[in-house]
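4 protein chains.
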Amino acid sequence: MSRKVCIVVNSRANYGRIKTVLTAVKNHPDLELQLIVGASALLHRFGNVIDVIRSDGFEPSAVIYSIVEGENLTTMAKSTGLAIQELTSQFENLKPDVALTVADRFETMATAITASYMNIPLAHTQGGEVTGSIDESVRHAITKLAHIHFPATEKAAENIIRMGENPQSVHITGCPAIDICKNVDKNIPEDFFRKYKGVGPGLDPFKPYMVVLQHPVTTEFGEGFMQISETLEAIRQFNIQVVWLWPNVDAGSDDISKGLRVFREKYRPDNIHFFRNFSPEDYVKLIGNCRCIVGNSSSGIREGAWLGTPNVTVGSRQFGRECSQNVMHVGYKRDEIEEAIKYQLNHGVYPSDHLYGDGHADERIAEILATAEFNIHKKLCY
Amino acid sequence: MSRKVCIVVNSRANYGRIKTVLTAVKNHPDLELQLIVGASALLHRFGNVIDVIRSDGFEPSAVIYSIVEGENLTTMAKSTGLAIQELTSQFENLKPDVALTVADRFETMATAITASYMNIPLAHTQGGEVTGSIDESVRHAITKLAHIHFPATEKAAENIIRMGENPQSVHITGCPAIDICKNVDKNIPEDFFRKYKGVGPGLDPFKPYMVVLQHPVTTEFGEGFMQISETLEAIRQFNIQVVWLWPNVDAGSDDISKGLRVFREKYRPDNIHFFRNFSPEDYVKLIGNCRCIVGNSSSGIREGAWLGTPNVTVGSRQFGRECSQNVMHVGYKRDEIEEAIKYQLNHGVYPSDHLYGDGHADERIAEILATAEFNIHKKLCY
Amino acid sequence: MSRKVCIVVNSRANYGRIKTVLTAVKNHPDLELQLIVGASALLHRFGNVIDVIRSDGFEPSAVIYSIVEGENLTTMAKSTGLAIQELTSQFENLKPDVALTVADRFETMATAITASYMNIPLAHTQGGEVTGSIDESVRHAITKLAHIHFPATEKAAENIIRMGENPQSVHITGCPAIDICKNVDKNIPEDFFRKYKGVGPGLDPFKPYMVVLQHPVTTEFGEGFMQISETLEAIRQFNIQVVWLWPNVDAGSDDISKGLRVFREKYRPDNIHFFRNFSPEDYVKLIGNCRCIVGNSSSGIREGAWLGTPNVTVGSRQFGRECSQNVMHVGYKRDEIEEAIKYQLNHGVYPSDHLYGDGHADERIAEILATAEFNIHKKLCY
Amino acid sequence: MSRKVCIVVNSRANYGRIKTVLTAVKNHPDLELQLIVGASALLHRFGNVIDVIRSDGFEPSAVIYSIVEGENLTTMAKSTGLAIQELTSQFENLKPDVALTVADRFETMATAITASYMNIPLAHTQGGEVTGSIDESVRHAITKLAHIHFPATEKAAENIIRMGENPQSVHITGCPAIDICKNVDKNIPEDFFRKYKGVGPGLDPFKPYMVVLQHPVTTEFGEGFMQISETLEAIRQFNIQVVWLWPNVDAGSDDISKGLRVFREKYRPDNIHFFRNFSPEDYVKLIGNCRCIVGNSSSGIREGAWLGTPNVTVGSRQFGRECSQNVMHVGYKRDEIEEAIKYQLNHGVYPSDHLYGDGHADERIAEILATAEFNIHKKLCY
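Residue numbers (numbering that gives the first Met the number 0), protein chains in the order written: chain A, 0 to 381; chain B, 0 to 381; chain C, 0 to 381; chain D, 0 to 381.
Bear in mind the hints are in silico, worked out from the structure with no lab data behind them. The structure displayed is predicted, hence computed values, not measured ones. Hints are supplied without guarantee of correctness; some may be wrong.
So these bits of chain A aren't anywhere near chain B, every CB distance computed over 12 Å [unchecked claim]:
id, residue
1, His-43
2, Lys-206
3, Ser-228
4, Tyr-266
5, Cys-322
6, Val-329
7, Glu-338
8, Lys-341
9, Pro-350
10, Ile-367
11, Lys-378
Computed list of lysine-lysine pairs in DSS-like fashion (alpha-carbon distance at most 25 Å, straight line) [what the hints assert, rightly or not]:
id, chain 1, residue 1, chain 2, residue 2
12, B, Lys-378, A, Lys-332
13, D, Lys-154, D, Lys-378
14, A, Lys-194, D, Lys-265
15, B, Lys-194, C, Lys-341
16, A, Lys-3, A, Lys-25
17, B, Lys-94, D, Lys-3
C-beta: ideal position from N, C-alpha, C; glycine also.
Kindly generate the complete structure, drawing on both the sequences and the hints.
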């Protein structure tokens, strides 16, 4: 009988980091895919990721509305509690043999708690990495709840083992996000930007453009408006086209969005277009063809390593994450951001670095899910 | 201005392990106590711990009903989700400067997530210890969310640091449960048992008695009825008086209770009395005067070390926990349990071992809470 | 295409009052049954109604744990909120064409709100009746949310219309509980009581017995212990066998249960046996063969009218409900209860009265659900 | 001892309809105000009503985040469930003597259920009125849960009594919204619009303007985009200034907002400014000085009656509500909307009609809350 693998997708970032695994599980003869889509992946404000998922041929077993509106620290926690309540009922009715949770977003903890409390073996991707924000705490806490680990890098695997996990439960698979980098045709079509709507002037995909993506840092809640304003002022010094993605749903998101709206109202920039979402493949095309990716998304580091895209990482959110040479770290001040962008625009593309995987994470993860013996009795391994 | 310390008490076990700290915080000139009482501590079935708390002079800032009835794995997770939702609102309104969570029960995770997500520094007692059941996962996950650690033993502190916590955030304070062992007058009064009601024949505190306390093991859900039946059969071989405490609210509790009720109905034992709860001080008197404590409560190991009470620890729930020489580990089979009890009854009291503290945890913890610099920006310390 | 009819069963009382409709819907060629089982129907303490449901051949589409433990007014409301959260997700995924809710229990409101808010036509049985307790408010509030009404009596139908409902949406079908009264073989087998376990001395179904069933009255919360103690003292005056059912999950249930336990401990009665649950058919046999039914269950009035069972209704819970001549109303005092029981035992069986239906509610309801045009646009009809 | 009156404010509409009562309760010698602010009243997207409340001198006893994001039928129900869970804890801790709920919004039901289930006497304003949308069902269901009624009109009072409420619990007080109409200085200052920001061109308060406010109709979910597009096209035919308020949080709000954004993007109108919120007094000034109010807000009917503002009410949302002669009802088609606006612009101000009150609701309500005997034992009064 097939093993039922329940994968919970909560956001656009989640989806891009697990899509190839969804396919690999769906196609594996010994696995049955149960897909749950929840949280911001269901919301219009974040680009209706659910529509992309469906158009990719995945039909969810269940959808879960769990975001309590407010975008502050209180509602971030409250949304997690609500997600647990919802997931328990879904797991009770779906009865998966293993649950897989992605990375380190706050809602991801809900999947980890629900599965581990319900004696459902928990698999986890992207464990062992190091960053800032609440993600850092969430990621390692999930590692301590998980029964099977799929770290992307050797260093991450080492960290997981040092934290006391059983080495036999740790499998270096690479990150599924890299699978897409490897497989996608990087050529960008002429109508690339038009189909994604968004607001702002039309962009020409064949002319140079930067990509900016700056999320709130939950552990610096209250400083987001100032932080984004500095980045905006830095970006304003450049004339090239800019693709700007709205921030994710983390606490403080409202401050970032407000900063963007105030800026738009004040300067009415004719080179910046704001988007909600891209499909995973188009996102890789987007950053694979840009002159520089700016902000604090891990994609500039992770996919950026493989693609060699010049990157300027702002602030503490990615502090401590393993980086290839394409990454420059700067603080929140406009001047250092501007300087770094100048440097990177001048430098151009970096050589590809397979730091976060070789593009075969999907098949490895599916095979392990199909064959591994799961053991729900954990014990600190020292 | 005083620091507001919010302490969440969820069960009778929680209360005994933190009561001296409640007092120390309440009495500290630079601290203000905010007490939240929730989960099974509010329920009649578990002995109305809230009444004991109030009669000890602590008035809760808020009470939180969060146990979803069912006593299975699904409701254990669901109760945790509900507790998060409730705690967020309380923290939003109470605005504590630091939250303290006790040990490793499933509901405890709710406090840990709520505080850490809300950028409220999180203090944690009993981290770094090793056991079985879901507690093992919960305890270490909380460590990865906590900002300040109060382990009871040197080994536990070492484990916390090995897991990547900043050594400066780790303070070996001993366990507050030991404070009570140190301070309480062990003499047992004549009306000791009468005032706690319960069901079963009257007991004479001046005659020999055993104490039995066997909780479900969540990671062995479904085997509880068999497990408790074995213990019951073992106990049935002895003629001395038995004080039996009903199990806690963990998933599988119904199975244990059913085993106890079926046994009562079948054998109508004239030497076993069933109790719901004792005050922390009376609980120490209870196990400080008994001939043997049997089951899988950590108190047989923790307080037992100090008190020297002969202990028979059954099954996997305490597997891996640091023990003094008073502890004998056995499996679930009636024969091995019976053998071990015989040995321990014959052996008598062990020398006191200060393994879990020297009885001054309360003042140490209060002082650190009053003076430490809290840092909510965590980072894996390797 | 078949219409999907979602029926939510929350308690043992719910189940008995809707079981024949479950069968009729399941067997109707144009209907598809979606059964959700939740609340106390899932709990061991209330007799594992879910097991009876499954053994009757109904497999739930989903189960929903929603009872927040505490059995007080706060948790009664909280459980309703939780049930709404759970039902929304189930309705979102099941997409019923019509939802049916039974009577007036507090959890029933959750079904009513969820369906009506989600534009799912809501059908309601037992509307328009008059009683005490919170049920009175709940029942009429549900009427104002419902789109199709299946009252049991003419008077109830008249009440619904007077409250401003569209007369075309009101169908007098009789109560499905009467269908069972009509169909069941009233002969009681020799092993009748043995198979239901419970606690207390063995009972002989061929000897005379009374049935007692007294629930808390939520609007008199805090008086339950006194109320049940009076009834217990009245019952104690009689020597005949007594079948006592534990109370339902309404706020105050703990007080009633405590009263029963204290009484058992104090008097150790040798003629009273306590049960958790009977199957719907066996319940009809039980009260169809008893000498008198005492307490405040509506079954003494409703099924009692058809069966002619002498009934003593205690207190305000059923105050205002339409009654046949088998019912005597008394207050909470032991003397009046005792007097009334004496009268009823002496009187013997009453003639059958078809006040609450003719035993064909099932087929009528199924047919209307299959053929009616539903209109979700409500408007006060004056 | 003062009676504690707990008033729950969930939205900008709620606040305007109860503000004078907040003041009257706060100032009454025998009453103590407990204010809970929740739902969309806390959200930036709906104009941070909480900030207006605080700047008016009311400090909430508690705030409650309860809106589950999604703005569809599922999340509307889910938000109500969440609000119940939250309110129970607040009522448990605040222990009000009476709770007051306003009108008929979906979240309002949460207050009604929580209070009535917890035996807290429930007072209700705006009961007995007739409209469309889910509000119609919610309003009457709340009437059946409420213990004391403060209808605005004689007809509404009559409806409440016909629904079976005890006439002694029904007090015609007028609507508190009219108190503001009576008291406010209608003169509009020069900086009136500037202080409210919003998006769009600057408006001159001394030049003619219309006000448009069109909410989703939950029972017509899915048709909102079409509906708002028709209204937009009608409005586009006029050159005068337009003040447009974003829709409320009801299911379907996203569709309305999308319609507005698409329109803005397409036509970039230079005479329409979009606002999130006005203070209650400024809102009265706004519609008291406008040439016509268009859409489906009840304010055009309610406050409009007193102010005499020409009104065009679109679609079914207000269908059945008592109206003065200032109101013209039209369907959703652009042509009929345009025609009606032309007629009303041409007609000019209507005579004031005291249909919804005489401006003294506040003192009446406070006095009744201070002196009435509350009876939580309800019974259908026929």
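Here's how the hints hold up against the structure:
1. Interface exclusion of His-43/A from chain B stands, the closest Cβ pair being 24 Å apart, more than 12 Å.
2. Taking the minimum C-beta to C-beta distance to chain B, about 40 Å, the non-interface status of Lys-206/A holds against the 12 Å cut.
3. The Cβ of Ser-228/A sits about 22 Å from the closest Cβ of chain B, beyond the 12 Å cut-off, so the non-interface label holds.
4. The Cβ of Tyr-266/A lies farther than 12 Å from every Cβ of chain B, with a closest approach of about 32 Å, so its non-interface assignment holds.
5. For Cys-322/A, the shortest C-beta to C-beta distance to chain B comes to about 15 Å, beyond the 12 Å cut-off, and the non-interface label holds.
6. Against the 12 Å criterion, Val-329/A stays outside the reach of chain B, whose nearest CB is about 18 Å from its own CB.
7. For Glu-338/A, the condition that its CB be more than 12 Å from all CB atoms of chain B holds, with the nearest at approximately 25 Å.
8. For Lys-341/A, the condition that its CB be more than 12 Å from all CB atoms of chain B holds, with the nearest at approximately 30 Å.
9. For Pro-350/A, the requirement that its beta carbon stay farther than 12 Å from each beta carbon of chain B is met, with the minimum near 28 Å.
10. Separation of Ile-367/A from chain B is adequate, the least Cβ-Cβ distance of about 21 Å exceeding the 12 Å criterion.
11. The Cβ of Lys-378/A does not lie farther than 12 Å from every Cβ of chain B; its closest approach is about 6 Å, which violates its non-interface assignment.
12. As the CA atoms of Lys-378/B and Lys-332/A are separated by approximately 23 Å, the hinted pair is consistent with the 25 Å bound.
13. Restraint check for Lys-154/D and Lys-378/D: satisfied, since their Cα atoms lie roughly 22 Å apart, inside the 25 Å limit.
14. Of the pairs offered as hints, the one joining Lys-194/A and Lys-265/D holds, with about 16 Å between alpha carbons and a cut-off of 25 Å not exceeded.
15. Simply put, Lys-194/B and Lys-341/C have alpha-carbon atoms about 39 Å apart, too far for the 25 Å limit, and the pair is violated.
16. Of the supplied pair hints, the one linking Lys-3/A and Lys-25/A holds, its CA atoms being roughly 10 Å apart against a limit of 25 Å.
17. Pair hint Lys-94/B plus Lys-3/D holds up; C-alpha atoms about 24 Å apart against a cutoff of 25 Å.
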